[in-house]
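Could you build the full structure based on these sequences and the hints that come with them?
Quick mapping for you: the protein sequence lines, in order, are chains A and B.
For the first sequence, our numbering assigns the number 1 to the initial residue and increments by one for each residue that follows.
For the second sequence, our numbering assigns the number 1 to the initial residue and increments by one for each residue that follows.
It should be emphasised that the hints constitute simulated quantities derived from the structure, not laboratory data.
Among these hints, one or two may not hold up.
To be verified - Partial list, computed: chain B residues near chain A (C-beta under 10 Å):
| # | residue |
| --- | --- |
| 1 | ALA3 |
| 2 | GLU11 |
| 3 | ASP29 |
| 4 | VAL35 |
| 5 | VAL44 |
| 6 | ALA53 |
| 7 | VAL57 |
| 8 | LEU66 |
| 9 | ARG69 |
| 10 | PHE73 |
| 11 | ALA97 |
| 12 | VAL115 |
| 13 | PRO119 |
Backbone N, C-alpha and C define an ideal beta-carbon position, used for all residues, glycine too.
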Amino acid sequence: MFKKILIANRGEIAIRVINTCRTLGIKTVAVYSEADTNSLHRWAADEAVQIGPAAPGESYLVIDKIINAAKETGAEAIHPGYGFLSENPQLPGACVEAGIVFIGPSAESMRLMGNKISAREAAIEANAPITPGLEGAATDLSVFQKKADEVGYPVLIKAAAGGGGKGMRLVEAPTGLADAIEAAAREAEKAFGNSAIYLEKYLVKPRHVEFQVFGDSHGNYAHLFERECSIQRRHQKIIEETPSVALNDELRARMGEAAVSITRAAKYVGAGTIEFLLDDSGEFYFLEMNTRLQVEHPITEEVTGLDLVAEQIRIASGRELSEELRGATQRGHAIECRIYAEDAENNFFPSSGEVLRYTEPSGPGIRVDSGIEEGSVVGIDYDPILAKVVTYGETREAARLRMLDALRRYKILGVKTCNAYLIDILESEAFISGRTHTAFIDDEMPEIADPSDLEIRAAAAIAAVALESAVAKPSGATVGQGVAPSLWDTLGTWRIGESG
Amino acid sequence: MGAHRLHYRGETLDISTARKDGSHAVTVDGAELSVALNRDGAHVTDGQRRFDAYFAVSKERIFVELDGRLFEFERPSSEGGSGADSAHHDVKDKLFAPMPGKVVKVLVSVGDSVVAKQPLVIVESMKMENQALSPAAGTIKAINFAAGDQVDTERALVELEIAE
Numbered sequence: 001m002f003k004k005i006l007i008a009n010r011g012e013i014a015i016r017v018i019n020t021c022r023t024l025g026i027k028t029v030a031v032y033s034e035a036d037t038n039s040l041h042r043w044a045a046d047e048a049v050q051i052g053p054a055a056p057g058e059s060y061l062v063i064d065k066i067i068n069a070a071k072e073t074g075a076e077a078i079h080p081g082y083g084f085l086s087e088n089p090q091l092p093g094a095c096v097e098a099g100i101v102f103i104g105p106s107a108e109s110m111r112l113m114g115n116k117i118s119a120r121e122a123a124i125e126a127n128a129p130i131t132p133g134l135e136g137a138a139t140d141l142s143v144f145q146k147k148a149d150e151v152g153y154p155v156l157i158k159a160a161a162g163g164g165g166k167g168m169r170l171v172e173a174p175t176g177l178a179d180a181i182e183a184a185a186r187e188a189e190k191a192f193g194n195s196a197i198y199l200e201k202y203l204v205k206p207r208h209v210e211f212q213v214f215g216d217s218h219g220n221y222a223h224l225f226e227r228e229c230s231i232q233r234r235h236q237k238i239i240e241e242t243p244s245v246a247l248n249d250e251l252r253a254r255m256g257e258a259a260v261s262i263t264r265a266a267k268y269v270g271a272g273t274i275e276f277l278l279d280d281s282g283e284f285y286f287l288e289m290n291t292r293l294q295v296e297h298p299i300t301e302e303v304t305g306l307d308l309v310a311e312q313i314r315i316a317s318g319r320e321l322s323e324e325l326r327g328a329t330q331r332g333h334a335i336e337c338r339i340y341a342e343d344a345e346n347n348f349f350p351s352s353g354e355v356l357r358y359t360e361p362s363g364p365g366i367r368v369d370s371g372i373e374e375g376s377v378v379g380i381d382y383d384p385i386l387a388k389v390v391t392y393g394e395t396r397e398a399a400r401l402r403m404l405d406a407l408r409r410y411k412i413l414g415v416k417t418c419n420a421y422l423i424d425i426l427e428s429e430a431f432i433s434g435r436t437h438t439a440f441i442d443d444e445m446p447e448i449a450d451p452s453d454l455e456i457r458a459a460a461a462i463a464a465v466a467l468e469s470a471v472a473k474p475s476g477a478t479v480g481q482g483v484a485p486s487l488w489d490t491l492g493t494w495r496i497g498e499s500g
Numbered sequence: 001m002g003a004h005r006l007h008y009r010g011e012t013l014d015i016s017t018a019r020k021d022g023s024h025a026v027t028v029d030g031a032e033l034s035v036a037l038n039r040d041g042a043h044v045t046d047g048q049r050r051f052d053a054y055f056a057v058s059k060e061r062i063f064v065e066l067d068g069r070l071f072e073f074e075r076p077s078s079e080g081g082s083g084a085d086s087a088h089h090d091v092k093d094k095l096f097a098p099m100p101g102k103v104v105k106v107l108v109s110v111g112d113s114v115v116a117k118q119p120l121v122i123v124e125s126m127k128m129e130n131q132a133l134s135p136a137a138g139t140i141k142a143i144n145f146a147a148g149d150q151v152d153t154e155r156a157l158v159e160l161e162i163a164e
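What follows is the structure, encoded as structure tokens:
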């Protein structure tokens, strides 16, 4: 087993990996940009190395800097988290050259499955069904037009190197095709340094059901059941759950088997995810494979009792899939809500600012994986995910009620979050009855209701009193450095409370 | 005792406060409310309903969470008194970038008629392309940025002539 691991990531996922390392007795090394000098993940690790300016292209995405940081600190292995370099085959390649273990698949499997076009070919080889669309990337508008006409609108334009909704555009009618191709290619070039795009048929209202898979370097493959991630906005998941209400044991077995055969075809080592679209009639189609840990992996941990990061680390150290993993069963129900810094009332536009007040919910069956604390600055350079709330219950309804309670007790002030909107979704009749599909937010969720006059007045009344309490404070006082000015402001509540 | 003017979504709220029995008697646009601060936040009631609230104040803004819903008010500037000048984000005839970023594409031209919530400009922030939506129906009066420009949140992206 490794003695020291470097985590090539930031935010909640870096902290989540550090936490597992601690339980395994492994020392950790964080890397951080200048913008993250005071971030939680930097201080959570045993050691930390500064790797450059805020822009990811000058820090978190620079392979040489990551490798050098590992060499400098004597880290034997690198965990990439998700996002950033996690699906860039050059990182495992550079690790091999440097004699460092990459905690994840080989560069070859990553290249094969990370590219959505060759992944589709691999799925065909594994006899798994795929969505109709272009076989390869194209640049010529006429090629896209011809295929779109053939499979029928709506269609999706997708980046071959894509993920997380970036470089993806939905096209409803022929008139929107040219603009969508242009925008998708531009976004893909910026996000992935690869502008290759292709087209596939957009299934109307499918469910997004993915399978957690594992492979080891001894030729063993297994799956850890499904996660349903149908509730998405801007093609990005916000609520995930397991088990899926849409699967019965027979369908689960068939999809699991398809997922494992694709994993085997890729000679995949480590943790990965096979994504399927599932339609009303129970037909499923391979969508893509994510060659990394998923954001939503904790719900699988909740229902299986396994620590997926620990499994990744064991596999990377050369061990076989554990007995526990191979014999895992699903028990109970788990739901995850992603807390993004974004404005649900303004088309989910990202929000930035300083976290002025922060209180996490806790209790039985509640887990919060967070990357922030009071005083954290949410900047504009990185993905706006702040934290994930995961709840577990014996039944779906128990997990749902627990989530509502947890979200209501989760207080984040200073940046806009989607918290209130998540509550609306979880309280909707459509969610309660399990009518979840990828168009859920557009079709099932009403516009966010405007606050009532009473609520506006009540909030304004609080604001006025808050303002007076902030003005009443000793103006010459300072606390520490950096966050000092607003820290005093946030303390206004307590000070007035004591005197009043 | 205090008098305040705050803005919420283009509406002006006139507020007066007074201390009363250890809590605050607050009048907002003629409606009387009682605010009691506690260790973690505040309660506010109109005598019929009580809300639990949390709040925080930064240099520029006041953040209030009322039963799970977030409200943001611009903090009136101490010099200006009324605070009307600093409330520019609440006006309906100007579109501001919600956060700093880079203009990827301007989707409209001066003179175009637009509807409320129509995408006007694509701004890239946090590695994502985001659509900035029209705050109201009207006609495009001015466009202050072009593709490739860096934008902040202080200068309007687009100015509108609001339809009557």
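Hint check:
no., hint, verdict
1, ALA3, "9 Å, holds"
2, GLU11, "8 Å, holds"
3, ASP29, "7 Å, holds"
4, VAL35, "5 Å, holds"
5, VAL44, "5 Å, holds"
6, ALA53, "5 Å, holds"
7, VAL57, "4 Å, holds"
8, LEU66, "5 Å, holds"
9, ARG69, "5 Å, holds"
10, PHE73, "5 Å, holds"
11, ALA97, "9 Å, holds"
12, VAL115, "14 Å, violated"
13, PRO119, "8 Å, holds"
Checked against the numbered hints given earlier, this structure breaks only hint 12.
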